Structure formats: structure tokens, C-alpha cells
Amino acid sequence: MSGRPASRPVFLPILAAFTIWAVGFLALYGLQATGCRLGWQDAELLPGVTHLRLALCLLLAGLAAAVVAVVLRLRRLPAGFARTVGLAVSLAAAASTLFSFSGVFWLSLC
Amino acid sequence: MSNEPERHPNAIHRHRALDAIWATGPGLQRLAAVNHNVIGKRFMLTALVFFFIGGVLAMLIRTQLASAQSPFLDPGVYAQVFTMHGTIMMFLFAIPFFEGMAIYLLPKMLGARDLAFPRMSAYGFWCYLFGGGIVVAALVGGVAPDSGWFMYTPLSSRLYTPGINADVWLLGITFVEISAMTAAVEILVTVLKLRAPGMSLDRMPIFAWYMLVVAGMMLIGFPPLILGSILLEAERAFGLPFFDPTRGGDPLLWQHLFWLFGHPEVYIIFLPAAGVLSTLVPVFAGTPLAGYRVVVAAIVSMAFLSFGLWVHHMYAAGIPHVALSFFSAASALVAVPTAVQIFAWLGTLAHGRPRFSVPMLHVFGFFTVFVIGGLTGVMLAMVPFDWQAHDTHFVVAHLHYVLVGGFVFPMMAAAYYWLPHLTGRQPVHHLSKIAFWMVFAGFNLTFFLMHLTGLRGMPRRVHSYPADAGWEALNYLSSVGSFVMAMGFALVALDLLLIARFGRAFRRNPWKAGTLEWAMPTPPTAYGFAALPAIDRRADTLDPDRIGPELAAGRGYLGGTRNGWMETLGVDMATGRPDQVVVLPRPTHLPLATALATGGFFLALLFKVYWAAPLFAAVVLALFLRWTPQTGLTADLGPLPIGRGEEAPHHAEAEAPPSQWAMVFTLAADGTLYVSLLFGAFFLWLSAPNWPPEQLGGTAYPAQALGMLGLLLAAGMGRRAVRKAAGAVPALTAGALGYAAALAGIAWMAWTALPDPTAHAAAASMAAVLAYAGLHAGIGLVLALYGIHRVRRGFVSPRRTLDLRIGRLWHDYTAVAGGVALAFPSLLATLARHGAVP
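Chains as they are written, first to last, in the numbering used here: chain A, 1 to 110; chain B, 1001 to 1838.
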């Protein structure tokens, strides 16, 4: 018999939102370090808004949108274990995304 | 060979038949043991021996610090002692102890007869024993690691640690970590696949959820440490300057790799203990765990968050504010899922009618100590406070409150709770209470005062301190407390021994628990369950007193024996529907022999006998290949009766057998190591001084093209081989030729496009990435040849393609990883050329 290991959509609802958070964490940290290395913090787009800050804010907005999309998708799942646990984890991931990364709006970047 | 099981007329007959198949033999056969009962107990007992050694070292530390300017230990010995104390407690006690507990308990709680890969459990144990033995032998020989359990560079680099002390740590601990990785894969696959029929994910006992999450964390958390150890050893042994700032390296890279492991490690240690609490508290409260689903959500959240706070160990390293805010926020946030669990336990106690017994005393100890440690953790998560308390004894107090509160007290509760299962004897409570109170009082006297010495400015890891600093009285009291605590631990050990020897006998399930491990004879038989149960509700609300006799009478799945096979059931991981009969391997000395050869490899590196290392590696490979003839089938069997009128295929004919999942998880860990390596090189480009290097190299298009084409050919032929099944030899031969071409391309690339790897970290990174690709191509070649061997020996048919599917996973991964590796030198050279900062 051949084929791939059977997969069921149980772990995806539970893991999706925090996986986005984790990937976003690395992306934000990497972008911040790269931007500082390449001098993006010195190029102002608007008074007080540098290229680097704008890029970080846009990335955070994208992350938040992705996590919210997961939450909305999970709300449409039928009631059950995966939905209950997935929603709880995803709401925690949404709150964590905003709480962990909101410093990109006001803290010194480099 | 028969498909039909042999029926047994009564329980005694069934027991004898099963015991003959599953039991470990006497004498030297004990060294061939693979049974989870034996391996689990060996892990725990060995860990306790290391705990004793680590405890003695702690006494030496406290004796030294009891007074100012003490001449008890000289600074060099003191450095070895505090390094070994931390190393032993973290790597040789805490992790292996919970691994042993999981190995012993998980199959029983899940309703399986053993773990998915018993020989790997045994191999992991021997690696742990030998690796730990090397580290402790170094202590006896006076050449123990002395750079702290965190081994920061440049202190641990060749320049400042010229002896073998640091090599002992790097090689010995990496050797030990083999057991952690095997345990992680073993636990993941066992929890996901080897459960009793009907035990869907939402019916799993909560302990299994904890261990599932912990194993996933180990799979991602340990590879950065293993990578860091390999890179630092490569720097020390061969001069590749990954951490040397004068040649484009950066000591902070070590700190990132170490703490990327090191902080999740705290939760990897805490979560199994929390799993114990989530199992015990409902039993003693007499009511199910409050908020089962919320607790599952909390532990998953905690696992993710724990990977986002490693830099809080590096707040003082000069990291920009915004990056500090990411880690500070995550460090504070992780307290939330922790609190959710604590409130779930308190809620469970409030809902039930708690019975207070010795395990509950230790649960009380946990609550008190761990909550204090958690609160000081939130304090340290705040950057301004951390800058004040950084590297002081306040941090020492915090980490001991977290680790002793969050691990040792729950493990003592677990010891009292499951000792009746291990020994068939019940506690009698003569010594238990006084032992607990001595540990509890001694611990708080020792470590609470360290908060104060820390706030008064006493730095960590110091060998002596000025008499007029105002720290001496507090230190003296701490030392007194530590000796009280040590006496308490000695009494706990004595108490457990006395219970095991003279405790009250009991019939079944002494605590009136609702989990399956109590539905078997105690002490357990080698096969555990005479028949496997069908689960129709959450598996920590069962009635072992009713289920046990039914299973002993053979009323369940796999109630007979068949072909002398060691059988257990595999299930669909979501629903718990049985989907295969997993036939486990018999006891063998091969795990021991393989671990000895692995030890030879590490010792050859340690003593710089480099010519012998490849020989030992070849022996290890040959021995692993010797494991394989026992596995698989040479004829199609079709569905096998499994009892209750149901059928399931042999695992070799199943769609998703455990070994296929093991390869998936192994590749996940492997990929984590690889991504860490790539990010490490990227980090050096971003942060390290002395970039760009004088010589960049990086491009050899014909070699890169040859290597990539070879890898693509191997992957394509691996897929074709699965489709061709028994006619796969031509495809596998082509795949092997593809790997030969890939290896030639990688060697050509290394020869022509790689600058001297000792000159600069950029070239060293390129060399490391190419070596990774070469190693994977080499293993891929072995797997292709192994596939040919298995086809020719009749192990492959259209129904039995498992060997080829496992190979395909490797070939696909190697094509992707190797392709990235072949492009990497060009990419890094381009970045270095164009991203230079004045």
C-alpha cells in the first residue's frame, strides 16, 4: 500500500494562529535587524516615520490580519474539540500578536 | 505464519503465553532489554544517581559560600563544581527523569503495550548513560567543564579554555542529547499512533497531551543547542571561527543558539511536571480536571510563547529597544497560560472533596514555591528590573524557585503516587511528612534569602566575596538551609526505599484513579495489558477496577497471541479508530552495541584521534543497518483479525505506520537545525564585526548545476521507486547515481569556490552548509542502496512500500535542503559584497 500519512484537520486549527505568530516573530526580528544593518532607520518617509518603521508596521498589520482571519475561519467550524481549543489558542495568539509587537509603533528601532 | 491469533483458555495461560513473548531474559539478556518498563525505570534510576551527584556538588557550592573569602575550594575547582552542578541537574537529571517517567507511563495510560520504537528507547538510554558517564568521569579526573552550564564564548573558546574541559561538555552533552531526540520522536509517534481503540484526541488523558506538546517542543528546541555545540567544537578543534569576532564570528551567536534551546527548556521541564499535577489533582480532589480543553489550549499557547523569550537572558547584551520589547512582552505573556493551569488545578480542588495524602503535600509545595518563582520571573521579564538584577543571586533564587517548584516537588508527588505501581507497595507515611517539611523548609531558607543577597548586589558564579559586603549572614543561613534540604532529600530517598521494601500490599488502584495504568497488575507485567481496551470516554475518567479484570480475561483487542509477535494496535491519530497492527521488535543487544560505537565516535573526537572517528561512524551505520532484518514482511498478509470482530493490516502494509511518522518528525528536527544554521550565518552577516571577508568565493556554476541535478534526479527516482514497488531497482539505482553526482558537485564546489574556512566566519558558514548537504546526500545514497537491498530480499511489494516511502521523504528533503546549500555560498557572498557597512 502506498500513500502519505493520513492527516485530519485537527492540529491545523489548533496550531495555525500561533504558527503565524512564531513566523511573524522571526520575520519582525529579522526585518528589524536587517533594516538597522542597512540603514533603513535613517531614511525618513514622513517626519518621524522611517522606511524601517513603516516596513515593520506593515508587517505587523499583515500578521494581525492573518491571525484574525484564522479566528474568523475557526468560528465557522462545527462545534467540537478542534473548534473550542483552536479558538481559544487563536484568540491567545491574536492578543499575543498585538501585545508582543506593538512596540514597533513607538520604540527606538536600532 | 498465521493470520489467526491463538486463543487462550484462561487468564493464567494467556499470561504465560504473553510473558514468554514480551519478557526480558535473565543474565546478560538484561542488556538486550527494550521493554518500556525496564528502560523507563533505568532512565529514572540513572537520573536519580545523577541528581545525587549534582546535589553533592550543590553542597560544595554552599559550603564554599557560607563564609566570605572561604579557602574550601580554589577558584578553578569551584568553576568546575558550579558548571557541573547546573549541567548535571539540567541535562542529566531533569530531562532524562521525565523521559523515563514518560517512557514508563505513556504506553500504559494510552492503552498500548509498549512505545513505538523500543530499540530506540534502549539506544537512547545507553547514549544517556555513556554520555553522562563521560561528563562525570571528567569531573573525577579534574578536567570537568568549567565555563558555566551555558558555556558562553569566548570563555569556552580555545583561547580561554585550552584543555579538554569544554570539549567534554560539547561532545558529552551532544551524546546525551541523542537520547532526548530519540525520546521526542518516540513520544510524538506513540501518543499520536499507539493508543487504545476509541481514544480520540479529545479523549486522551491530559498527561498525554502534555507529553505530546513537550515532545514537539523538544523536537524544535534541542536542534539549535546541538548545532551550537557542533559549531563551537568545530571552532575549538579545527579553527572554524563562528564565534571569534576577530575573524567575522560573534560570541552572541552562541548565546542565541544556546538560549533558543535554553529557555524553552525551562518549559520542557515544567510541562511534564504540570502534566503530573493535572493527573494527580483530579484524583485527590475526586472530580475531573476543570477546563480540560482550556488546559490543552493553555499548554499549546505556552509551548509557542516559550520560544519567543530566549533573548530575556540577553537583555544586557546591547540589543535595540524594540527587539527587547518583543521578548519582554512574550516573557510576561507566558505567565498567562501558566496561570490558567494553576487556576484549573485550584478550581478542580474547589469543585471536589480533596483528600490530603503525601503526594498532595508535595503539590502544596509546588503551589507555594512555583508561584513565587513565577512572580519573580515576571519581575525579571521587565527590562529595567532585569538590568538591576542581571547576573545576581536574585536570578539564582528565581531559577531555583521555578525549577525546584516546577519540577522537583511535582516529581516527588509523582514518586509517591506511582511508587505503588512500580513496586506493588503502598506508602505508610512514617517518614514521608517529616521528609517533605525538611525539604520545603530547607529549600525556602536556602533560596528565599538569595533574593535578598541578589538585591544587595551579590553576583552569581563568584567563588568568594568581601567580608564587608553585608552578604555573609544571609549566605550562611542559605548554606544552613541547603543542608536541611539535603537531609530532607535523603529522608525522601530512604522513605521511598522503605515503602518499596516494606510498604502495604494492595489489590488494585490504591488512589481510585481513572487512568488506564491502574487497570493492569502492579508491578506491571512486560506486556502490560493482556488485551487492549476499547475507550468510550475521556481516558482519565475510566474505572480501572472494572476494566482491569476484563482485560486480564482477554475481553478486548488483541486478546490472543499470534506468531510470537509483540503486537499492539496503531490508530488513526484523530479518531482513535484502529488502522494497523504494530509488530514490535524483540529484545536485542544491538542498541547497546550501537551506543558503544557511538560513544567511540565521541571519544575519538574528544581525544583528538580524528582518524578513528569516521571508522566509528561507519560501525554505527553498519550496526543500524543490522537493526533492519527484524522489521518488515517478505509476504503480503492482508487484514489481520484484532478482536471484537474487527480487522486491521500489519503495520508494514498500513498507510501511515509509526516509522513513516518518525521520519517526518526526524526531518522536522533536522530542518530546524538547518534553518538555525542558515539564520546563524545570516546573523553573522548582520551583526558580527570584521565583515566583509577579504576572500568571498562562493560561485562555481558547473559544480552547483551538477549537484542540483544529482539531487533532483535522486528525489525524482525516489518517487518513481515508490510507484514501481517491487520493480523499483532501476529507479533506485538511478537515484543512487544521482546522489553520486550530487556528492561530486558538492565536493567540486567545496574545492573550487570555498575560501579557507579558518580565515573567516563567512567561509566557515559556507563550509558548514556544504558539509550538511554532503552528509545528507551521503545518507540518501545509503538509503537508495538500502532500498535496492530490501527490494531484492522481498521486503517490498505493491502493498508493502514502507521502506521506499521512508526513503522518499529523505530524498525530497535532501533535494530541497541540498539545493539551498548549493546556492548558499553565492547568496552569502552577494550579501557580504553588497551589504557591507562602514
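Read the hints as simulated data drawn from the structure, not as lab findings.
Note that the coordinates shown come from a computational prediction; the quantities given were computed from them, not determined experimentally.
Built from N, CA and C at the ideal position, the CB exists for glycine as well.
Take these hints with a grain of salt, some might be off.
Now the in silico label distances, taken between C-beta atoms and shown as ranges [stated by the list, open to error]:
1) B/PRO1629 <-> A/VAL23: 13 to 23 Å
2) A/ARG76 <-> B/MET1379: 49 to 59 Å
3) B/LEU1785 <-> A/THR19: 31 to 41 Å
4) A/HIS51 <-> B/HIS1351: 48 to 58 Å
5) B/LEU1159 <-> A/ALA43: 38 to 48 Å
6) B/SER1067 <-> A/LEU54: 56 to 66 Å
7) B/LEU1625 <-> A/ARG75: 44 to 54 Å
8) B/MET1059 <-> A/LEU54: 56 to 66 Å
9) A/ARG75 <-> B/ALA1317: 41 to 51 Å
10) B/ALA1617 <-> A/VAL23: 28 to 38 Å
A partial selection of chain B residues facing chain A, derived with a Cβ cut-off under 7 Å [what the hints assert, rightly or not]:
11) ALA1297
12) SER1325
13) PHE1385
14) LEU1781
Examples of chain A residues toward chain B, derived with CB under 10 Å [as the list claims (entries may be wrong)]:
15) PHE25
16) LEU26
17) GLY48
18) HIS51
19) LEU54
20) ALA61
21) ARG76
22) LEU77
23) PRO78
24) ALA82
25) THR84
26) VAL85
27) VAL89
28) SER96
29) SER102
30) CYS110
| request: Under 10 Å, Cβ to Cβ, is where A/PHE25 needs to be relative to chain B, so tell me if that hint holds or is violated. | output: 5 Å, holds
| message | Restraint: A/LEU26 near chain B, CB-CB cut 10 Å. Satisfied or not? | response | With a minimum Cβ separation of about 8 Å from chain B (threshold 10 Å), the hint on A/LEU26 holds.
| message | Quick check on A/HIS51 please, does its C-beta sit within 10 Å of some C-beta on chain B? | response | This interface hint is violated because 15 Å lies over the 10 Å limit.
| said: Is 49 to 59 Å respected by the C-beta to C-beta distance linking A/ARG76 and B/MET1379? | reply: 42 Å, violated
| message | Checking hints one by one. Is A/LEU77 an interface residue toward chain B, by the C-beta closer than 10 Å rule? | response | Constraint on A/LEU77 not satisfied, violated at 14 Å.
| said: Given a cut of 10 Å on the nearest C-beta pair, is the interface hint for A/LEU54 held or broken against chain B? | reply: 14 Å, violated
| Would the hint on B/LEU1781 stand, with a C-beta cut-off of 7 Å toward chain A? | Status violated, d = 23 Å.
| field | C-beta pair B/PRO1629, A/VAL23: status relative to the range 13 to 23 Å that was hinted | value | For B/PRO1629 and A/VAL23 the Cβ distance comes to about 43 Å; the hint is violated.
| Does 56 to 66 Å hold as the CB distance between B/SER1067 and A/LEU54, or does it fail? | Since B/SER1067 and A/LEU54 have Cβ atoms about 59 Å apart, the given range 56 to 66 Å holds.
| How about B/PHE1385: closest beta carbon in chain A under 7 Å, or not? | 17 Å, violated
| query | Does 41 to 51 Å hold as the CB distance between A/ARG75 and B/ALA1317, or does it fail? | reply | Since the Cβ atoms of A/ARG75 and B/ALA1317 sit about 42 Å apart, the hinted range of 41 to 51 Å holds.
| Given B/SER1325 as an interface hint, is the shortest Cβ-Cβ distance to chain A below 7 Å? | 3 Å, holds
Of the hints listed earlier, those the structure fails to meet are numbers 1, 2, 13, 14, 17, 18, 19, 20, 21, 22 and 23, in rising order.
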